[in-house]
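For chain A, the structure is supplied; the task is to place chains B, C and D on it using the hints.
Protein chains: 4
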Amino acid sequence: LDRARLLIKCPDQPGIVAAVSTFLQNFGANILESSQYSEDPVGGTFFIRMEFACPGLTDKKAEIESEFAKIGARFNMKYEFRYVSSLKKTAIFVSKEPHCLRELLWEWQNGDLMMDISCIISNYEDSRELAESLGIPFYYIPANKEIRNEVEQKQLKILEEHNIELIILARYMQILTPNFVSHYPKQIINIHHSFLPAFIGARPYERAFARGVKLIGATSHYVTNDLDEGPIIEQGVERVNHRDQVQELKKIGKNIERSVLARAVKWHLQDRVIVTGNKTIVFD
Amino acid sequence: LDRARLLIKCPDQPGIVAAVSTFLQNFGANILESSQYSEDPVGGTFFIRMEFACPGLTDKKAEIESEFAKIGARFNMKYEFRYVSSLKKTAIFVSKEPHCLRELLWEWQNGDLMMDISCIISNYEDSRELAESLGIPFYYIPANKEIRNEVEQKQLKILEEHNIELIILARYMQILTPNFVSHYPKQIINIHHSFLPAFIGARPYERAFARGVKLIGATSHYVTNDLDEGPIIEQGVERVNHRDQVQELKKIGKNIERSVLARAVKWHLQDRVIVTGNKTIVFD
Amino acid sequence: LDRARLLIKCPDQPGIVAAVSTFLQNFGANILESSQYSEDPVGGTFFIRMEFACPGLTDKKAEIESEFAKIGARFNMKYEFRYVSSLKKTAIFVSKEPHCLRELLWEWQNGDLMMDISCIISNYEDSRELAESLGIPFYYIPANKEIRNEVEQKQLKILEEHNIELIILARYMQILTPNFVSHYPKQIINIHHSFLPAFIGARPYERAFARGVKLIGATSHYVTNDLDEGPIIEQGVERVNHRDQVQELKKIGKNIERSVLARAVKWHLQDRVIVTGNKTIVFD
Amino acid sequence: LDRARLLIKCPDQPGIVAAVSTFLQNFGANILESSQYSEDPVGGTFFIRMEFACPGLTDKKAEIESEFAKIGARFNMKYEFRYVSSLKKTAIFVSKEPHCLRELLWEWQNGDLMMDISCIISNYEDSRELAESLGIPFYYIPANKEIRNEVEQKQLKILEEHNIELIILARYMQILTPNFVSHYPKQIINIHHSFLPAFIGARPYERAFARGVKLIGATSHYVTNDLDEGPIIEQGVERVNHRDQVQELKKIGKNIERSVLARAVKWHLQDRVIVTGNKTIVFD
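Chains as they are written, first to last, in our numbering: chain A, -10 to 273; chain B, -10 to 273; chain C, -10 to 273; chain D, -10 to 273.
I should point out that these hints are in silico values taken from the structure, not numbers from a laboratory. Among the hints, a few may not be true.
No distinction is drawn between identical chains; accordingly, a pair holds when it is met within one copy or between any pair of copies.
Said to hold, decoys possible - Under the rule of at most 30 Å between Cα atoms (straight-line distance), these lysine-lysine pairs were calculated in the DSSO-like manner:
| # | residue 1 | residue 2 |
| --- | --- | --- |
| 1 | Lys243 | Lys134 |
| 2 | Lys146 | Lys85 |
| 3 | Lys(-2) | Lys240 |
| 4 | Lys(-2) | Lys239 |
| 5 | Lys268 | Lys255 |
| 6 | Lys49 | Lys175 |
| 7 | Lys175 | Lys(-2) |
| 8 | Lys239 | Lys268 |
| 9 | Lys85 | Lys240 |
| 10 | Lys175 | Lys255 |
| 11 | Lys268 | Lys243 |
| 12 | Lys85 | Lys255 |
| 13 | Lys240 | Lys255 |
| 14 | Lys146 | Lys78 |
| 15 | Lys67 | Lys255 |
| 16 | Lys50 | Lys255 |
Quantities reported herein were computed from a predicted structural model and do not represent experimental measurements.
This is chain A alone, in the form it adopts within the complex:
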């Protein structure tokens, strides 16, 4: 409960680590984990993630943040303090296929995904029972291309009511509009059922079968307005062979999808993912 993460992005120069770690020490914090990455030591951007424990953190929070502003200014930092005790309010979107939703709920019940699942939204009724058996509000909002704007208005209203900070598209098979995406930049995680950038768009398993690939995969990425082009968080693949018809590819694919998405979400929740340009830094 007394743990926090400090995420920093700034121009690289000598003295950053010294300044930050001295600052934290002066508040009695112990650095538990520290990961850094420099795009280029000369003139590049520097990224650091520090996880620290600090006795009495709740009381010191305000002071720490206001004091740190000086260091932030000195090094021209973009930074953020994130508190482990404050779980991210999350909405999960799902269509008909429940395997990714199930995996997330299962890991969440086990305590492996530290989030506050505020609601599940679906264009099918199929997952209602599962959601409600766990006490999670379930919203059924039928959707299709023609009514996209109305659908998104309803969804956005629900998301705002719940103060949602993270949206997980757990095989939600509707395209989101730029308007919707603009409300949640770098806050929407999707699972695409191919090893991107191969098979962008619809029906990737059918196309993988037609191409005769020997590996199929899945990709979890942040959603941007370019379909399947957002920053990649995690990918996975499995071997297939000529005997595997589209049905088998889908079965094998489901196992890849659920584990790739679960890993991506876990890293996001632990504030291990930093987006830079159209790429991610993952401090795993």
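Then chains B, C and D, alone, in the frame of chain A:
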């Protein structure tokens, strides 16, 4: 030396296996390995690969082949007998990067790639010493887009002199013309440095880096006139992360390339790869 | 429904495939899949698995089996016909950890594990709700070393009432006695939480941590009287590193265990696994 | 050339990172990479590896080291400065199988293994030509159990003459005595041809075959006096199946061995491996 492989492709119907295995038995052959695949038991195409040992095969060859023609006709088969004792005459093409060539030569020296390496052709002198140290004829033919036709004429002449049956492009960085490819259908194996169909074309590692993928790969395929679109034989991938710059991707990629190519070549030499449409069946 | 599998084991000699395939053809059967393996073409044991479709199979069954006896005798075969329509009656044993049970039930609901789950037996009450929600009889039988014999008597009685043909130990943490095992030879599948033969016995994750391995794994095998020494069906591993404490190893391990067990069970149900000596042939 | 690595091990307490990073900053150093690990933030041991660039390092070296002694004393540190410009003097031991030696030499020629290969020592003459073609002194010292002490005396003499800092056993098939090992603690890297702790000792592929495992592996570890029980640096595995006889296991195994050993050596040369107890921390 008394071993052979029988490769068959025909419309599926009951009785094929019975007819073929009875035929081989009547010649005293013992079936060592048999792999079959049917695209669809009703009206689909049926494929079978049988490897058999037959005492006195050399003397019986002609009779076996002429007798089998009847079965072939009955079932409307395309088929081929391939004799293990007859090594495929092979040419290896290479440009500057020697890692794939080295791997092939190394496996060949170990007896793991049963082929007759008739020559090595390169648009650089770099691999001459290696080739000649193993007693393999080396041909240096400078190449570039402008002189493509003359270059290919020289190459084709050499290939014909050596009666080449298989061409391995072991990181040969020149595009082949349709005319060249038409001389060696399903007989040219390439290694492409990406997990196709991602990053078709030039500079795949640079583009993989720009896209921020978390896996890089390599693909071995038969060459057709559609660049990087030929039937895939084998693929492999390795994990990478945000720290890996283009240079590191290339290093990691080299290890994938050499092992993927070596596996594809091994399967081809063992007559385990059957091309159907733009896909391969690999009876491994 | 008209599909069956024929499994054969006999001394290798020419003519087996011809005889069997001619026999099946005469009954109008179409061979859908055929896999064979010879330990040694000269004097070794030969194994073959044929899956075939035969219109009107139910009516022809008795005649096929009685006629095949002649071929069986001629080649000194051990053989078995298994009918796809006849699902194996299965009991799943589980202790406290539900992840393997959940995975099996989930794949079974999806139609990916074709079995008749007759009952779930546990020494904990935890899985009752899950079992009963799916209409599967659940038996709670507390167990410990001291009362092993009484416990097994109760279990055997239930298994006999249900005519069980397959027992899956889905993280059942009690050792079975030789008496129990002798009732179900090659019919009990266990998942052991290490890459055997490393870490045989109790607390493998603790020992893996202590040894500092960089890979952890799981092994699914048939149960014999030698603890963790039975024929291995399938294994899987994942990378770990120095940061992973025992708790993390267990979490990572759960994902390996559930997928390794599910694959092993699927292959067993499809009659793809043949035990020979203390090893398995898996015709996957 | 102005790069160095600082490796520290000390009791965990707040302020370490601040002190060290401030120290380095005061000398004008820029921290390029920093990795840390704490066994337990309360009372555990803390490890950190910092790689830094420092203009004029050669001239400042002495002062940096003498000044740092104060910080070392304050935090009760064991620490070491290692300079990237100072390549480790390395001896490679090999017996008959050359695949690991070849891989190391190949990566070394490519500039991927930054070491000074001072000599190659073998109990066979086979690798002499390869060694000498690269200008590396080759010592042929026949060896067997009976003459172990004399052999090791000769080897130690050569190692001392060359001021060897690292010994790589690249499939050197002789057991080293405690006396020999005591001269090079944590400085001898071996490749064992199994996924340890499975198949400790001789003939692991034969035993893997007999056990019927579905994965084979290799393990690179530091050599201690307990055979195959030293701290593990890296492991790898590949799938095998029932068709793979001992010969095939060995072939597949060679590819695992060479890549596992090359990774372990690379990490050691980059000072990324820290031994703690009988385990390693690998800051990769």
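Verification of the supplied hints:
1. Proximity of lysine 243 and lysine 134 under a CA criterion of 30 Å is satisfied intra-copy only: 25 Å inside one chain copy versus 40 Å between copies.
2. When the C-alpha separation of lysine 146 and lysine 85 is checked against a cutoff of 30 Å, the pair qualifies only within one copy, where the shortest distance is 23 Å, while the shortest distance between copies is 42 Å.
3. With identical chains, the CA atoms of lysine -2 and lysine 240 are at most 30 Å apart between copies only, with a shortest distance of 29 Å across copies and 41 Å within one.
4. Within a single copy, lysine -2 and lysine 239 get their C-alpha atoms only as close as 40 Å, which misses the 30 Å cut-off; across copies the closest is 28 Å, which meets it.
5. Taking identical chains as interchangeable, the C-alpha atoms of lysine 268 and lysine 255 lie at most 30 Å apart whether they share a chain (18 Å) or sit on different chains (27 Å).
6. For the identical chains of this complex, lysine 49 and lysine 175 are intra-copy neighbours only, at 29 Å inside a copy versus 45 Å across copies, given an alpha-carbon limit of 30 Å.
7. Taking identical chains as interchangeable, the C-alpha atoms of lysine 175 and lysine -2 lie at most 30 Å apart only when both belong to the same chain, with a minimum of 16 Å there against 38 Å between chains.
8. In this assembly of identical chains, the alpha carbons of lysine 239 and lysine 268 lie at most 30 Å apart whether taken from the same copy (27 Å) or from different copies (19 Å).
9. For the homomeric pair lysine 85 and lysine 240, the shortest alpha-carbon distances inside one copy (15 Å) and between copies (28 Å) are both at most 30 Å.
10. When the C-alpha separation of lysine 175 and lysine 255 is checked against a cutoff of 30 Å, the pair qualifies only within one copy, where the shortest distance is 15 Å, while the shortest distance between copies is 36 Å.
11. In this assembly of identical chains, the alpha carbons of lysine 268 and lysine 243 lie at most 30 Å apart whether taken from the same copy (25 Å) or from different copies (23 Å).
12. In this assembly of identical chains, lysine 85 and lysine 255 lie within 30 Å of each other by CA distance both inside one copy and across copies; the values are 23 Å within and 25 Å between.
13. In the homo-oligomer, the alpha carbons of lysine 240 and lysine 255 lie at most 30 Å apart both inside one protomer (23 Å) and across protomers (13 Å), since each shortest distance falls under that limit.
14. With identical chains, the CA atoms of lysine 146 and lysine 78 are at most 30 Å apart within one copy only, with a shortest distance of 15 Å there and 50 Å across copies.
15. In this homomeric assembly, lysine 67 and lysine 255 come within 30 Å of each other (Cα to Cα) only inside a single copy, at 23 Å, whereas the closest approach across copies is 35 Å.
16. Proximity of lysine 50 to lysine 255 under the C-alpha cut-off of 30 Å is restricted to the intra-copy arrangement: shortest distance 25 Å within a copy versus 43 Å between copies.
Violated hints are absent here; each numbered hint is respected by the structure.
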